[in-house]
Each structure stands twice: as structure tokens, then as C-alpha cells.
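What follows is the residue order along each chain.
2 protein chains.
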Amino acid sequence: MGSGKGGVGKSTVAVNLAIALAAMGHKTSLFDADIYGPSLPIMMGLRNTKPKMEGQNTLFPLTKYGIDCMSIGNLVEEAAATIWRGPIVHQVIEQLLRDTRWPGGDFMIIDLPPGTGDTHLTLTQLCELAGAVIVSTPQDVALLDAMKSVAMFQKVEVPVLGLVENMSAFICPKCGTETPIFDKGNAERAAGQSNIPFLGRIPIELSIRVGGDMGKPVTASQPDSVSAQAFRTIAANLVQELEAGH
Amino acid sequence: MGSGKGGVGKSTVAVNLAIALAAMGHKTSLFDADIYGPSLPIMMGLRNTKPKMEGQNTLFPLTKYGIDCMSIGNLVEEAAATIWRGPIVHQVIEQLLRDTRWPGGDFMIIDLPPGTGDTHLTLTQLCELAGAVIVSTPQDVALLDAMKSVAMFQKVEVPVLGLVENMSAFICPKCGTETPIFDKGNAERAAGQSNIPFLGRIPIELSIRVGGDMGKPVTASQPDSVSAQAFRTIAANLVQELEAGH
Numbered sequence: 001m002g003s004g005k006g007g008v009g010k011s012t013v014a015v016n017l018a019i020a021l022a023a024m025g026h027k028t029s030l031f032d033a034d035i036y037g038p039s040l041p042i043m044m045g046l047r048n049t050k051p052k053m054e055g056q057n058t059l060f061p062l063t064k065y066g067i068d069c070m071s072i073g074n075l076v077e078e079a080a081a082t083i084w085r086g087p088i089v090h091q092v093i094e095q096l097l098r099d100t101r102w103p104g105g106d107f108m109i110i111d112l113p114p115g116t117g118d119t120h121l122t123l124t125q126l127c128e129l130a131g132a133v134i135v136s137t138p139q140d141v142a143l144l145d146a147m148k149s150v151a152m153f154q155k156v157e158v159p160v161l162g163l164v165e166n167m168s169a170f171i172c173p174k175c176g177t178e179t180p181i182f183d184k185g186n187a188e189r190a191a192g193q194s195n196i197p198f199l200g201r202i203p204i205e206l207s208i209r210v211g212g213d214m215g216k217p218v219t220a221s222q223p224d225s226v227s228a229q230a231f232r233t234i235a236a237n238l239v240q241e242l243e244a245g246h
Numbered sequence: 001m002g003s004g005k006g007g008v009g010k011s012t013v014a015v016n017l018a019i020a021l022a023a024m025g026h027k028t029s030l031f032d033a034d035i036y037g038p039s040l041p042i043m044m045g046l047r048n049t050k051p052k053m054e055g056q057n058t059l060f061p062l063t064k065y066g067i068d069c070m071s072i073g074n075l076v077e078e079a080a081a082t083i084w085r086g087p088i089v090h091q092v093i094e095q096l097l098r099d100t101r102w103p104g105g106d107f108m109i110i111d112l113p114p115g116t117g118d119t120h121l122t123l124t125q126l127c128e129l130a131g132a133v134i135v136s137t138p139q140d141v142a143l144l145d146a147m148k149s150v151a152m153f154q155k156v157e158v159p160v161l162g163l164v165e166n167m168s169a170f171i172c173p174k175c176g177t178e179t180p181i182f183d184k185g186n187a188e189r190a191a192g193q194s195n196i197p198f199l200g201r202i203p204i205e206l207s208i209r210v211g212g213d214m215g216k217p218v219t220a221s222q223p224d225s226v227s228a229q230a231f232r233t234i235a236a237n238l239v240q241e242l243e244a245g246h
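Chains L and R, in that order, give the protein sequences. In case it helps, our numbering puts the first sequence at residues 1 to 246. In case it helps, our numbering puts the second sequence at residues 1 to 246.
The set of hints was computed from the structure by calculation and includes no laboratory data. Fair warning: there could be bad hints in the mix.
[As the list claims (entries may be wrong)] With a straight-line cut-off of 27 Å between C-alpha atoms, the simulated DSS-like cross-links for lysine-lysine are:
| id | chain 1 | residue 1 | chain 2 | residue 2 |
| --- | --- | --- | --- | --- |
| 1 | L | Lys174 | R | Lys50 |
| 2 | L | Lys216 | L | Lys52 |
| 3 | R | Lys216 | R | Lys27 |
| 4 | L | Lys155 | R | Lys50 |
| 5 | L | Lys27 | L | Lys52 |
| 6 | L | Lys216 | L | Lys27 |
| 7 | L | Lys216 | L | Lys174 |
| 8 | L | Lys50 | R | Lys155 |
| 9 | R | Lys50 | R | Lys216 |
Model, not experiment: these values are computed from the prediction.
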């Protein structure tokens, strides 16, 4: 799960997609590779929860909503800044991946940090990635960075499974007026131009942000909402892309 | 200009704050230190514009809206991903800072990438920073990362000049209903709790995003708007903080 630009809802999509995949019957793990700004503990309702350890080097993932999770945010103090240069980040990610006793299964969703730097290179070297899903808002500055992410994954030969448009237009809950706060539709157009599958669009909805802040992702807490349906559609499209052998 | 989390509008605030400072009569430069996702060229209307060079090593800043600008985005091809590990980023930033013939003046605003990593350490080592301004949305996950930024700057002894709340509640342009898409007011509360000055609040407004995407920042293109007024208030508060000797 990459994005290029931060703050486009990559973690929100990662968390909800994991829950949607689990609801479809796929055993799913979630690895938070954002060492500088881990969002998984808050969004999964795992704030201030420490994983169990065995000996010096074995970590057990935290399980919530049927998902096995690991995040640096569950290992260091929440307010502490991880002021680490690239080589240390590389080491930490390698340890978290290797020392966690992952249960195996069908999917591991890796929530990447923004950018196209150390963490991304590290992961493509450490894991055999089935593919990359790129999240973007419809806004030009976000799409530009998203396309850089696409270029990076193509350069390191990780298949790009598709693009997700997040924060697509806002609809006033009172009067129904649509305001394209971050624009609308550009991600689908960009995907078409670059020959990348378009996996789906998620609207700006208060319940998505509130669900994330409360540790109750909308896909789990309001499975009948329009947003949860959007995440399930994206999950289904993703499975289809993988089965098609991209 | 730091944020911890990406996508909170750090570049938008940097650009509009620079223009507001210039409008107050301060000679201002803008340095885009986000090597992986430079937003300055789009936001300042400098897309596909190359800076003049002299010999092998001297770059001249691009000037727009009275601001002298330098960004990696004006030197590499727009769609190209800068897949560089930390040490190369360090080198590129050092070169951009050193090889640019900055005109001097009152302010240099440095637009940092998200996180608390290589670029931040590099800049605190290379420059004597007058202080850090932290941008956050009112959302919990953003504020958590913002406070990590605060902790980092305090650790490396850069004074934190204040916190800016961006994307504070959305007001429907049709019916006037306020929706706290990314919540509202939490940044001011967090600033108070951490004894950091609160510099001001910027609403979610379509014109701010559109201005950024079109290269016409709202402070320059719609100086009478509520948003431009908010940026000017923040600029004035910032100057006051600096004069107070923080």
C-alpha cells in the first residue's frame, strides 16, 4: 500500500481493505512499515497495547477484527519521535518482519510510509511482493506523487495492482451538495492514461475519519455503509487483479 | 515548516505564509526540502520551469509572487521518482542549499518532508534554524505525528515557534452547515497542553486547494478572502513570536 504523498488516507485504506478481505474469508495480516508515523495502533483500536514477546527476539502479532497486526507504534512510546536515519529504519523493518511470528495466510497488507525512499527499497529487497496498490486523492499534487510511486514500483519490478481514489468529493450531510474539496475523478483518469487498473473510489465521509480516530474502522463498525461497500468493492477488484495474474 | 504527517497541507501553508510575509514587506525565500514529493513547483505556478545556472555549480532561484524559490522539482523531470536512500538525499539538500545564489533577506521558509528522518537531521546540521512551525490537521493521527515533530525539534534544540491548525472543519458553500471532516480545535488544545504558541487556524476551503493546483496561492490570487486573512494572521503571529525572542 503506497501513495507517494502522505495524508491521502493510505493507512485508512490499508486497514479497511484488510478487514474487507478478512470478511471475504481471507486470512489477512497487516504490517505497518511507517516507522516515522505509524497510524495502525490508533486506527485498529490497539493504542497503548504491547505485543507479547517470547525470549529476546520473538514477537507475537496483535489480533483485532480478525487481523494480525504489527506496528512500531506498539513497541515504542506513543509520543516519542523516532529520529532515525535510513540505515536504522532498514534494520528496524527487517527485525519487525523477521522476528514477528506471523501466522501465515492469504494476504499480508504492508502500509508503507509516504515517499519513494529507504523503506520502499528495503521492503522490495526483503520480501517478494505480490504487488503494489497505490492510494491517491484526486488532487494534482497527490496524483503527481502517486505516479512517482507507480514509476518506482515498475522500476523495481513490483507489479502495480491498481490505483484507489480516496477523498473523492464531499457530499454535505445536510443538503446533499457535492463539493470537490480535493477534486474528483482524476485518479481514474490517471490510471487509464498509465494503463493501471482502477480499483475504486472512496468518498470523503465523516464516519471514515471518526472510525479511524476511534479505532473502529468503518468496514468493521458500519458494514452496511456506503463507505464499507466501497472498500469491499476495492477488495474484490484487488483479488480479481491478483487472480488474473498481474 | 514541519508536520510529522504528510498531506496535512504543510506545503500549502508554507507557500501562503511566504506570500503573506512578502506582502508585509519582508524579503522572503522558499526552499522545498521535500525531495521525494516536491509540491512547490505546482503550488507556485512554476511547473516545468528550470532555474538559470552559471557554470557547473551555481543555481539562481526562480522568482514568483515576489518569493525566491528553489525545489528539486524544478531540476528533475516531473514524473521521475527520486528513489534515493538517505545519504543521497542529504547530499542533494546540501547542494541545493549551498549552490543556490540566495538573495538573502528576512525569511527563508523551508518546506520539510513528512516524518522525522534524514532530511530533518540534515537541515538542523546544515543551517542555523530560527525555529520550527508545525502544521497539523485537527485529527488525532495527524496531531500525534505533529507532536513527534515537536519532540524532535526540541531534542535538536530548534525552538518550536508554534502550531498551525489546517483543514479545520468544512463549511458547505451552499447551506452553511459545518462538518468537522478532520475534526476541529484539537490542535489549539494540543498546543496549549504542550506549552507551544498556537499561531492560527485555516478552514477547509475549496479555493485553497484549487489555488494550489493552479499555481495561484489564495493569498496572492484572492487576498481579500477569509483564507488569505487567516494566513496573514498566522504570518503576523509568527513574526511576533520571533520578535519575542523564542
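Evaluation of the provided hints:
1. Lys174/L to Lys50/R: Measuring from Cα to Cα gives roughly 47 Å; hence the hint is violated.
2. Lys216/L to Lys52/L: 22 Å, holds
3. Lys216/R to Lys27/R: 19 Å, holds
4. Lys155/L to Lys50/R: With Cα atoms ~26 Å apart, Lys155/L and Lys50/R stay inside 27 Å; holds.
5. Lys27/L to Lys52/L: Answer holds: Lys27/L to Lys52/L is near 21 Å, not above 27 Å.
6. Lys216/L to Lys27/L: Answer holds: Lys216/L to Lys27/L is near 19 Å, not above 27 Å.
7. Lys216/L to Lys174/L: With Cα atoms ~24 Å apart, Lys216/L and Lys174/L stay inside 27 Å; holds.
8. Lys50/L to Lys155/R: The given pair, whose Cα atoms are some 25 Å apart, holds under the 27 Å limit.
9. Lys50/R to Lys216/R: Holds. Lys50/R to Lys216/R sits at ~19 Å (cutoff 27 Å).
Figure legend: structure checked against the earlier numbered hints; the only hint not met is number 1.
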